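Participant: Model the full assembly from the supplied sequences, consistent with the hints where possible.
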Amino acid sequence: MTVSTVSPGATGVWGAIWHGITRSTSGFIGLCIVAGVLLFAFAGPLFIDTRNPTDVTKIWGPATSEHWLGTNHEGKDTFVQLVLGGREPIWVGIVAALITVAIAVALGGIAGYARGRIDHFLLQLTDITMTIPFIVLMLVVASFYRTASPMVVAFIIGLVTWPYLMRSIRAQVLTLREREFVEAARLQDLGTARILFTEVLPNMAGYIFINFIIAITNAIYAVVGMYLLGLLPSTAANWGLMIQQAWDNNAFLVPSAVPFLVAPMTMIMLFQIGLVTMTRSLEQALNPRLRDR
Amino acid sequence: MIDRSAPAPAPALPPDAPGPDPAPVLSLNGVHQVFPGARGDVPAVAGVDLEIRPGTALCLVGESGCGKTTTARMAAGLAEPTSGSVLFRGRDIAAMDRKERSVFRRAVQYIHQDPYASLNPVRTVYSTVSAGLRRHRMVADGREARRVTAGLLERVDLTPAGDFLDKYPHQMSGGQRQRVAIARALAMNPEVIIADESTSMLDVSIRVSLLNTLGRLRDELGVGFLFITHDLAVAKYFAWEGEIAVMYLGKVVEHGRTPRVVNDPAHPYTRALVSAVCEPDPDLARTKERVRLRSADIPDLTDLPPGCDFHPRCPLYAPGACDTLRPPLVRGHDRLLACHVVGRG
Amino acid sequence: MTDPRTEPSADPGPLLSVRGVDIAYRTGRRSRVTAVHGVSFDLHPGQSMALVGESGCGKTTLGLGLLRLLPRNGLVPAGEILFRRKDGSTADIRSLGAEELRRFRWSEAAMVFQGAMNAFNPVLRIEDHFLDTFRAHETGRPRRRAEIREESAHLLEMVRLDPARVLDAHPHELSGGMRQRALIALALALGPQLLILDEPTTALDLLTQRAIVERLSELREELRFSMVFITHDLGLAAELADRVGTMYAGRLIETGTTRDIFYRPRHPYTAALIDSVPPVSGGLVVPESLPGGPPGLASLPPGCSFAPRCRHARQVCGERRPELEVLHTRGDGLSHAAACLRSRELAAEGATRD
Numbered sequence: 001m002t003v004s005t006v007s008p009g010a011t012g013v014w015g016a017i018w019h020g021i022t023r024s025t026s027g028f029i030g031l032c033i034v035a036g037v038l039l040f041a042f043a044g045p046l047f048i049d050t051r052n053p054t055d056v057t058k059i060w061g062p063a064t065s066e067h068w069l070g071t072n073h074e075g076k077d078t079f080v081q082l083v084l085g086g087r088e089p090i091w092v093g094i095v096a097a098l099i100t101v102a103i104a105v106a107l108g109g110i111a112g113y114a115r116g117r118i119d120h121f122l123l124q125l126t127d128i129t130m131t132i133p134f135i136v137l138m139l140v141v142a143s144f145y146r147t148a149s150p151m152v153v154a155f156i157i158g159l160v161t162w163p164y165l166m167r168s169i170r171a172q173v174l175t176l177r178e179r180e181f182v183e184a185a186r187l188q189d190l191g192t193a194r195i196l197f198t199e200v201l202p203n204m205a206g207y208i209f210i211n212f213i214i215a216i217t218n219a220i221y222a223v224v225g226m227y228l229l230g231l232l233p234s235t236a237a238n239w240g241l242m243i244q245q246a247w248d249n250n251a252f253l254v255p256s257a258v259p260f261l262v263a264p265m266t267m268i269m270l271f272q273i274g275l276v277t278m279t280r281s282l283e284q285a286l287n288p289r290l291r292d293r
Numbered sequence: 001m002i003d004r005s006a007p008a009p010a011p012a013l014p015p016d017a018p019g020p021d022p023a024p025v026l027s028l029n030g031v032h033q034v035f036p037g038a039r040g041d042v043p044a045v046a047g048v049d050l051e052i053r054p055g056t057a058l059c060l061v062g063e064s065g066c067g068k069t070t071t072a073r074m075a076a077g078l079a080e081p082t083s084g085s086v087l088f089r090g091r092d093i094a095a096m097d098r099k100e101r102s103v104f105r106r107a108v109q110y111i112h113q114d115p116y117a118s119l120n121p122v123r124t125v126y127s128t129v130s131a132g133l134r135r136h137r138m139v140a141d142g143r144e145a146r147r148v149t150a151g152l153l154e155r156v157d158l159t160p161a162g163d164f165l166d167k168y169p170h171q172m173s174g175g176q177r178q179r180v181a182i183a184r185a186l187a188m189n190p191e192v193i194i195a196d197e198s199t200s201m202l203d204v205s206i207r208v209s210l211l212n213t214l215g216r217l218r219d220e221l222g223v224g225f226l227f228i229t230h231d232l233a234v235a236k237y238f239a240w241e242g243e244i245a246v247m248y249l250g251k252v253v254e255h256g257r258t259p260r261v262v263n264d265p266a267h268p269y270t271r272a273l274v275s276a277v278c279e280p281d282p283d284l285a286r287t288k289e290r291v292r293l294r295s296a297d298i299p300d301l302t303d304l305p306p307g308c309d310f311h312p313r314c315p316l317y318a319p320g321a322c323d324t325l326r327p328p329l330v331r332g333h334d335r336l337l338a339c340h341v342v343g344r345g
Numbered sequence: 001m002t003d004p005r006t007e008p009s010a011d012p013g014p015l016l017s018v019r020g021v022d023i024a025y026r027t028g029r030r031s032r033v034t035a036v037h038g039v040s041f042d043l044h045p046g047q048s049m050a051l052v053g054e055s056g057c058g059k060t061t062l063g064l065g066l067l068r069l070l071p072r073n074g075l076v077p078a079g080e081i082l083f084r085r086k087d088g089s090t091a092d093i094r095s096l097g098a099e100e101l102r103r104f105r106w107s108e109a110a111m112v113f114q115g116a117m118n119a120f121n122p123v124l125r126i127e128d129h130f131l132d133t134f135r136a137h138e139t140g141r142p143r144r145r146a147e148i149r150e151e152s153a154h155l156l157e158m159v160r161l162d163p164a165r166v167l168d169a170h171p172h173e174l175s176g177g178m179r180q181r182a183l184i185a186l187a188l189a190l191g192p193q194l195l196i197l198d199e200p201t202t203a204l205d206l207l208t209q210r211a212i213v214e215r216l217s218e219l220r221e222e223l224r225f226s227m228v229f230i231t232h233d234l235g236l237a238a239e240l241a242d243r244v245g246t247m248y249a250g251r252l253i254e255t256g257t258t259r260d261i262f263y264r265p266r267h268p269y270t271a272a273l274i275d276s277v278p279p280v281s282g283g284l285v286v287p288e289s290l291p292g293g294p295p296g297l298a299s300l301p302p303g304c305s306f307a308p309r310c311r312h313a314r315q316v317c318g319e320r321r322p323e324l325e326v327l328h329t330r331g332d333g334l335s336h337a338a339a340c341l342r343s344r345e346l347a348a349e350g351a352t353r354d
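Residue numbers (full-length UniProt numbering), protein chains in the order written: chain H, 1 to 293; chain R, 1 to 345; chain C, 1 to 354.
To be clear, the hints were calculated from the coordinates, so they are not data collected in a lab.
Note that this is a predicted model, so its numbers are computed, not measured.
A few of these clues could be false.
Said to hold, decoys possible - List of simulated lysine to aspartate or glutamate pairs, EDC-like, C-alpha gap at most 16 Å:
{"hint": "1", "chain 1": "R", "residue 1": "LYS99", "chain 2": "H", "residue 2": "ASP189"}
{"hint": "2", "chain 1": "H", "residue 1": "LYS58", "chain 2": "H", "residue 2": "GLU74"}
{"hint": "3", "chain 1": "R", "residue 1": "LYS288", "chain 2": "C", "residue 2": "GLU214"}
{"hint": "4", "chain 1": "C", "residue 1": "LYS86", "chain 2": "C", "residue 2": "GLU100"}
{"hint": "5", "chain 1": "R", "residue 1": "LYS167", "chain 2": "R", "residue 2": "GLU154"}
{"hint": "6", "chain 1": "R", "residue 1": "LYS288", "chain 2": "R", "residue 2": "ASP264"}
Facilitator: Structure (structure tokens):
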């Protein structure tokens, strides 16, 4: 049996992740899709004319060589809107997921490891948080602010969605803390924080990473859903807003307007599918027991 | 009724070996451990006295469920005795302040049975072994940590150390992993190592060399060992110059110098154990005298028989004291023994 | 009374005859790794044979392969496993069809797996396991439950278990030793001629182990079945086996009578294994350590697989692979064979046994 001579100390965790993703076909395809969507949304705007004026002569125009995906109800170019509209939902998704995961990991880890009264208190906190009606909260926010900044949206999503992940992390920490290697670390008098963050949590890295990505997908759906419901007033081009506008203007009744509805939906789905397939390979990359097989 | 009244202070082992014994580093004084169970309290350990001295080995043998692991965990401070005390350098560990406790924590190390579970799968050997060194500032910088870790690996015969430093547990065999666990314990400069069945999951061929490694730590570094095993051959080899204590249902029934206990067992339970061993010698296996027990069933800890715990199975059982009075562990001419019949004769 | 183990005169030939068997595992679409290489041995009726060696030497694979109980990716690409059936015909287990194989197992040859807990279905009571076993092999009129229960009770009594308590228990309600005995009773249910036991006493307590060892040898006298048992415990082999086969890196490297193996081992590996376990009785015997471990099956060294660990190895050992060679044959037809290029030389020097 050949044991990998490339130690992660030399190539780093990112090397291991890269190796893990690229060695499996589905992981690689997922990575390509995600990278493609990210490039499209973040680098795309650099290559096109971002001015997209309203042109009443071109309302619901069909796809042409000039307007690849036709034009919308205001006569704006759909493709340009598509390029410009990805940044915001993706950013919101990532920031919201970071906040959710950070809170969930910190509180879940502490609750599971400390047990007792701290655990009890934190569980109460999750119960309270879980009862906050998300949509109503957003309605309130929307009524206070004329235009909610995407980052505010991200924070709110992050602050209300952590309890679910926190509970499953707590449950895993509860079982991990009983493992012998954790007891061995206690025998070394390593200190609680250190044991939690360097012995227990790294064993859940794959799980946390996957949940980070799931949190991104959830946050994107949440923000798109809110735009669709018209809860978030926004002026910027944005995939969620595009779907809402298409819906509001009955785009599904106009054959030449179909791209305006389908294109943003396709981008969102592609991104989500890419993320999910990539995660499956990532789990293998982050689990050393699976890595060298 | 279970008699849990504290016995008289532990009688010291009769001096059989020449020279005075060094003072014990770790001692257990009448420790009890009672676990609450569905069918009543389970007295897993009921009054055990043991002393561990520097550079010597004390083997605790017995069958599963006899309380040897619970005893070991209490000795390591991993479980708190229900009653009785554990003394480290004469100080009760339950009464220690933070600083003393930290000294005790590092001086008494515990090696688990399963080297697959006791190493963190996501950390390299270097990271595992050096964690304590770095945490307790026993090394100045990363380079020194690496050097010291390499030295520790060589001490436990993982040579050349450079081949192992950056390996993950899953890249090593069971024997190599167990050596890593030992190196990690050694990093704390322990005075006592408590090894709980640490060789039982390994192949015989690897077992011997691991025992030799541990034996060198005992002889060269003066580490005291509390060695838990169910394997009499292992106990005999590792503690030939030390002592063996035989446990049955939470109590020590026989305790003495290893050669005496193994070659001339006195307690009927010890005799049954010694005679039950499958010897790697066909002629000996066929001629060896076997002790026949009256019953194969071990009594339930929640429902112990009156008198001596062993009497329902004991071939020497005689009505009278055996089924009414619990025999205390008393000092005989060359060992401690808890038996009415043998003790008398 | 004659001892069936040493009296082969009434013997119409071997019960089990293993000829050049290879066992491999598929590891990918086109790749496979061979876990057992060209194993041959005969087992006569009433005999018991121990397969010993370190973990990863192919003992368990061989045991499973003999009854074709290998996991899905396992296969027996070469060799013959000839078995003399109860009706006197000889069948090659390798070529039995699925239905035939199902009938053959348990009624003619049964396996007692390592880890008795996993062998039982946790949601079924012990009685249900007996019921299933009997029903699965029934021909003709199905028997009544009470009838089967009575027979099961009898089997449990044979292994010294209290049927009233055990039959209605679930597996987890029994201790490890009781489960192991119940498993042996279950294996004996249909009166097999051959019992294959994989580490039958590992993980059991000393006194429980002793009870099982004694019961097994008594039952063997009584029911006259043959046994192949796989163990890393040489003490168990010394006690229960008439013959011992040592396995290393997927090959049978030495076979002989138990006394030959323990008193006159002719392969340095067998000798090293024996030297690594000291007896409990008597003075202190310092065991020899055998450093290193068996080679990975995918990267066997050229020549003798044991050469890299062997203290008697010479250059030739790393170049030529020794075949199992008969060293001498006893009057009763049992022979002692070893696969070592230097075995005669070492025996003459007295090096393989001090």
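Participant: Does each hint fit the structure? Answer for all of them.
Facilitator: A quick look at each hint next to the structure:
1. R/LYS99 <-> H/ASP189: holds (11 Å)
2. H/LYS58 <-> H/GLU74: holds (8 Å)
3. R/LYS288 <-> C/GLU214: Distance ~13 Å between R/LYS288 and C/GLU214 Cα, so the pair holds.
4. C/LYS86 <-> C/GLU100: holds (14 Å)
5. R/LYS167 <-> R/GLU154: holds (15 Å)
6. R/LYS288 <-> R/ASP264: holds (14 Å)
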